[in-house]
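Protein chains: 2
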Amino acid sequence: MVRIMQPVLIDGVWREARSVGTFQAVDPSTGSPLPGLFPISSFEDVEAALAAGRQACKDLAQASPERIAAFLERFAEGILGRADELIETAHRETALPKAPRLGTTELPRTIDQLRQAAEASRNRSWRRAAIDTKSNIRSIHGPLGGPVIVFGPNNFPFAFNSAAGGDMAAAIAAGNPVLAKAHPYHPATTKLFAEIARSCLEGPRLPTATLQMIYHLRPVDGLRLVAHPLTGATAFTGGRPSGMRLKEAADRAGKPISLEMSSVNPVFILPGALREHGEAIAAEFSASCSGGAGQFCTKPGLVVVLDGADGRDFLAAAKRNFKAPPSGFLLGRSVLESLQASVSEMAREGAEVLTGGKPVDGPGFQFENTLLKISGRAFLSHPGRFQHEAFGAVSLVVLAGTEEEMLRVAEALEGNLSACVYSDKAGADDGLYSRLAPVLRTKTGRLLNDKMPTGLAIVPSMVHGGPFPATGHPGFTGVGFPASLLRFTALQCYDNVRPDRLPPELQDENPTGKMWRLIDGEWTRK
Amino acid sequence: MVRIMQPVLIDGVWREARSVGTFQAVDPSTGSPLPGLFPISSFEDVEAALAAGRQACKDLAQASPERIAAFLERFAEGILGRADELIETAHRETALPKAPRLGTTELPRTIDQLRQAAEASRNRSWRRAAIDTKSNIRSIHGPLGGPVIVFGPNNFPFAFNSAAGGDMAAAIAAGNPVLAKAHPYHPATTKLFAEIARSCLEGPRLPTATLQMIYHLRPVDGLRLVAHPLTGATAFTGGRPSGMRLKEAADRAGKPISLEMSSVNPVFILPGALREHGEAIAAEFSASCSGGAGQFCTKPGLVVVLDGADGRDFLAAAKRNFKAPPSGFLLGRSVLESLQASVSEMAREGAEVLTGGKPVDGPGFQFENTLLKISGRAFLSHPGRFQHEAFGAVSLVVLAGTEEEMLRVAEALEGNLSACVYSDKAGADDGLYSRLAPVLRTKTGRLLNDKMPTGLAIVPSMVHGGPFPATGHPGFTGVGFPASLLRFTALQCYDNVRPDRLPPELQDENPTGKMWRLIDGEWTRK
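So the protein sequences, as listed, match chains A and B. Residue 68 in our numbering sits at position 68 of the first sequence, and the numbers go up by one each step. Residue 974 in our numbering sits at position 448 of the second sequence, and the numbers go up by one each step.
Mixed in with the good hints, there may be bad ones.
Okay, derived cross-link-like pairs now, DSBU-like style, lysine-lysine, Cα gap no bigger than 30 angstroms in a straight line [stated by the list, open to error]: (1) A:Lys134 <-> B:Lys849; (2) A:Lys425 <-> B:Lys584; (3) B:Lys1052 <-> A:Lys451; (4) A:Lys526 <-> B:Lys884; (5) B:Lys624 <-> A:Lys425; (6) B:Lys849 <-> B:Lys884; (7) A:Lys514 <-> B:Lys1040; (8) A:Lys134 <-> B:Lys660; (9) B:Lys977 <-> A:Lys526.
Between beta-carbon pairs, the in silico distance windows are [said to hold, decoys possible]: (10) A:Arg498 <-> B:Thr556: 45 to 51 angstroms; (11) A:Asn496 <-> B:Asp887: 38 to 44 angstroms; (12) A:Arg15 <-> B:Pro745: 33 to 39 angstroms; (13) B:Gln588 <-> A:Ser344: 40 to 46 angstroms; (14) B:Gly927 <-> A:Gln62: 39 to 45 angstroms; (15) B:Ser960 <-> A:Ser199: 28 to 34 angstroms; (16) B:Lys1040 <-> A:Asp84: 51 to 57 angstroms; (17) A:Thr524 <-> B:Ala587: 56 to 62 angstroms; (18) A:Gln62 <-> B:Glu871: 53 to 59 angstroms; (19) A:Asn496 <-> B:Ser860: 54 to 60 angstroms; (20) B:Ser960 <-> A:Arg240: 42 to 48 angstroms; (21) B:Lys584 <-> A:Ala428: 19 to 25 angstroms; (22) A:Asp59 <-> B:Ala809: 35 to 41 angstroms.
Where chain B lies over chain A, by a calculated footprint (3+ residues, C-beta under 8 angstroms) [said to hold, decoys possible]: (23) 134-141; (24) 395-409; (25) 489-496.
To be clear, the hints were calculated from the coordinates, so they are not data collected in a lab. Just so we're clear, the structure is a prediction, and the values are computed from it rather than from any experiment. Heads up, the beta-carbon is just placed ideally off N, CA and C, and yes, glycines get one too.
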């Protein structure tokens, strides 16, 4: 069989890559390569895409929000129309279950995100138009003037896909073209999305380079890309080492970069809650930890309880729960290897493996559900060493000797996407909660009560963000419309600009009659 | 006369610095040192201030917005009460005129900023509270959890003073304590502000470390400070080399940094406007360029006109105007030396000095008002070399050969704080404007029509920001309330958090009855 090299999408045309190598996706359930042959693009491809992307910025700036919204909605429809093919392809490339995952939750979420992005675009309130009538100074959030580069992660082939996921939808709704860099674990899935997107551009007459797609790059070319003068901004979701390298390159060039770089998502279970329903929490914990084979950004990777009878009972229940479910497939060999390394490192540093701890025999990429424990004192002696995300169904329970030690563990935490506190209903935990919550509040983007962190509602008030090193800036969210659009915007002021030269959103008359604007300090739709 | 070393303000106490050296301010009108002896703090001082600042974060988080507002208002009153002393001191340290500058515009602006910050704090709408009632997910902008370090610039001893200016006011209104690093050109002025601020903390019972102040640091200690684990964020206004070094240190540590690092503030005067009132524009131009001795962030440092009879007439008129006013005093010897170097570099690169170009004889720091010209072609051969801010009354006029060349000059611009376009009233320039404005829009935070960029109205829609290298991130503004507060905040989500544990701004009931909140996608005060 002659292998055909898959084409890249540059400026609306599916063309042969100027490649520096090839790769194949791998079926995680068998470890065997899948048939498609994909190019690793050279920087020539990148430069062609950036040039086309820059031109698309100019054309998109002239396109109405309605046309952008129409594209996003058609794209959502198009995805729905090819759902079976997408689910089949993604299942093959990721081994994630078709149900209850790919077809039942992730694809609907992806479609919902595109529709919410369309609604945000059409509504325009996300632009936060501000008008000071007396001085005739007006300002608004607008697109960046350069394409947004989206590096998709391995773990959500649909919802965070570089060519169809939340970052892509937000960047385009904000008026920026997107250059999608597929994750090499699911190139065929990404290509399908790009095909559908491409076919939806003509109806609403958007520029051909509104969405472009390449599959893979040498790391050095990724660094050049995020720092390129034509680049508008970058969105990266993935592991910390790659994220930090991209951050450094983008920072040095003064290019905005939205990063989501890992998190251990600490869960504090206070003594009253343990007493009240420790067994039930242990069940929630193991379900949250092992969902998606533990490959969620918000997987609870660190649990803190007080040492004592209730803590030990919780640990025993958690251990039973961890043993029960079969291990899911990990997304690739590198995930398996990293996970093994993470567990080995924690064990070497003094954590005790209670269950699991090694790969599952077989051809696919599987690792036993793994629970570790460590004392609060040992954790505190080297807190940094126990806060590396172990990407998979692995969690570390810290047994704190005292409430004070529990607080010190909280103080020693790095920035996280989420932090949870379980407390009792009777109020016995309230005193400890009131001391713990202010500490956690400055360490996390999302603070939860009485529930596990996995599962993100796509609502306007969601925050998927947090202090470094979970992300690169604590003021933004990567999930939730319309707030996630702001990551890809510039704040633009019009000072004494003549009325007919203002963007419609800043003219005296409200362009939709519904858009919220801040006029002389008051939000209004007038 | 025995010189007393001036004390630093750490945790509410005026105490002797752990110093690594001393310095004196200099009277720019004479070049002679002023009497006060000030310490260069060691990192011990910094660490003491950071530790106190971190504790103040916790206490401020419990303080009501009303108490923070009361402090800011008392501070404004206190400044008013010691206005004469402040004006006298700042005049001595900066040689800026008492009127029409220090006493008549800058001090009133500073007081107004503090009052606007107080109003923002009390109003709370800046926090952009968002509530999704169905999912019970709520989010809000909140303080960072670490003190904000403010590095004040040399050019605004009041309005951007690290202990009383816009950054200080914004950071505190957002609930963060401030560690002010005085500019060494006006330490006595800064000390006065810190004294007044200190005296206003007790009434509203704010933490003693809400405002702390040191005078000077070794550069290496500045880099350690912005990257310190206890630091919340940094605000820096100043020159590009220092800004870039601080940016790199902060970025590497993942610490937010708000930067304002220089701008040439291009002004495009289109042919019709030149024809219609070139002479008047030339007068506006020279007044804007020489105001404050050219030491404004938004000074027009680059003017682009079409070559031809009208362009030459404009140049001749500008030259006359530049010659007319006496040169003001520059803020210090280093400003004079940098300015001389900038002019020499432009001349070496091919710009022709039309008037000025050298220091004014005398004991003080003065430089002739300087106008240079260059052809569009020469500019475009090395555009980067002509975009270094020359901090002083110096401007470069680019004579573009054609409209196309004018557009290419615009395309070659770096990020700027402002960009202006003058066009005629009859409409002859409209075609060119419509091609030029989209290019400038992506290069600047503030786009102006028919007026010069100096003079910032402190209104909610003002943007004092722009793409790198003017600032570090195009999504923020350093001037204008309440938007400037957002630079010093984290976006914080409360997911399923019990009602009595929510901050008042996120509880069902509106805490003030007036605060704007985004509830289920609609802005409301309910």
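A quick look at each hint next to the structure:
1. A:Lys134 <-> B:Lys849: 35 angstroms, violated
2. A:Lys425 <-> B:Lys584: 26 angstroms, holds
3. B:Lys1052 <-> A:Lys451: 29 angstroms, holds
4. A:Lys526 <-> B:Lys884: Violated, at about 55 angstroms.
5. B:Lys624 <-> A:Lys425: 64 angstroms, violated
6. B:Lys849 <-> B:Lys884: With Cα atoms ~13 angstroms apart, Lys849 of chain B and Lys884 of chain B stay inside 30 angstroms; holds.
7. A:Lys514 <-> B:Lys1040: Between Lys514 of chain A and Lys1040 of chain B the Cα gap is close to 21 angstroms, so the pair holds against 30 angstroms.
8. A:Lys134 <-> B:Lys660: 39 angstroms, violated
9. B:Lys977 <-> A:Lys526: Roughly 29 angstroms between the alpha carbons, so the hint for Lys977 of chain B and Lys526 of chain A holds.
10. A:Arg498 <-> B:Thr556: 45 to 51 angstroms: 47 angstroms, holds
11. A:Asn496 <-> B:Asp887: 38 to 44 angstroms: 40 angstroms, holds
12. A:Arg15 <-> B:Pro745: 33 to 39 angstroms: 51 angstroms Cβ-Cβ, so the 33 to 39 angstroms window is violated.
13. B:Gln588 <-> A:Ser344: 40 to 46 angstroms: Given a distance of about 44 angstroms, which is inside 40 to 46 angstroms, the answer is holds.
14. B:Gly927 <-> A:Gln62: 39 to 45 angstroms: 28 angstroms, violated
15. B:Ser960 <-> A:Ser199: 28 to 34 angstroms: 32 angstroms, holds
16. B:Lys1040 <-> A:Asp84: 51 to 57 angstroms: 53 angstroms, holds
17. A:Thr524 <-> B:Ala587: 56 to 62 angstroms: 32 angstroms, violated
18. A:Gln62 <-> B:Glu871: 53 to 59 angstroms: Since Gln62 of chain A and Glu871 of chain B have Cβ atoms about 39 angstroms apart, the given range 53 to 59 angstroms is violated.
19. A:Asn496 <-> B:Ser860: 54 to 60 angstroms: The hint (54 to 60 angstroms, Cβ to Cβ) is violated, given that Asn496 of chain A and Ser860 of chain B are roughly 35 angstroms apart.
20. B:Ser960 <-> A:Arg240: 42 to 48 angstroms: Between Ser960 of chain B and Arg240 of chain A, where Cβ atoms are some 46 angstroms apart, the hint holds.
21. B:Lys584 <-> A:Ala428: 19 to 25 angstroms: Hint holds: Cβ distance 24 angstroms, inside 19 to 25 angstroms.
22. A:Asp59 <-> B:Ala809: 35 to 41 angstroms: 40 angstroms, holds
23. 134-141: Result for this restraint: holds, n = 6.
24. 395-409: violated (count 0)
25. 489-496: Held - the segment 489-496 of chain A has 8 residues with a Cβ nearer than 8 angstroms to chain B, which meets the minimum of three.
Going through the hint list in order, the structure does not satisfy hints 1, 4, 5, 8, 12, 14, 17, 18, 19, 24.
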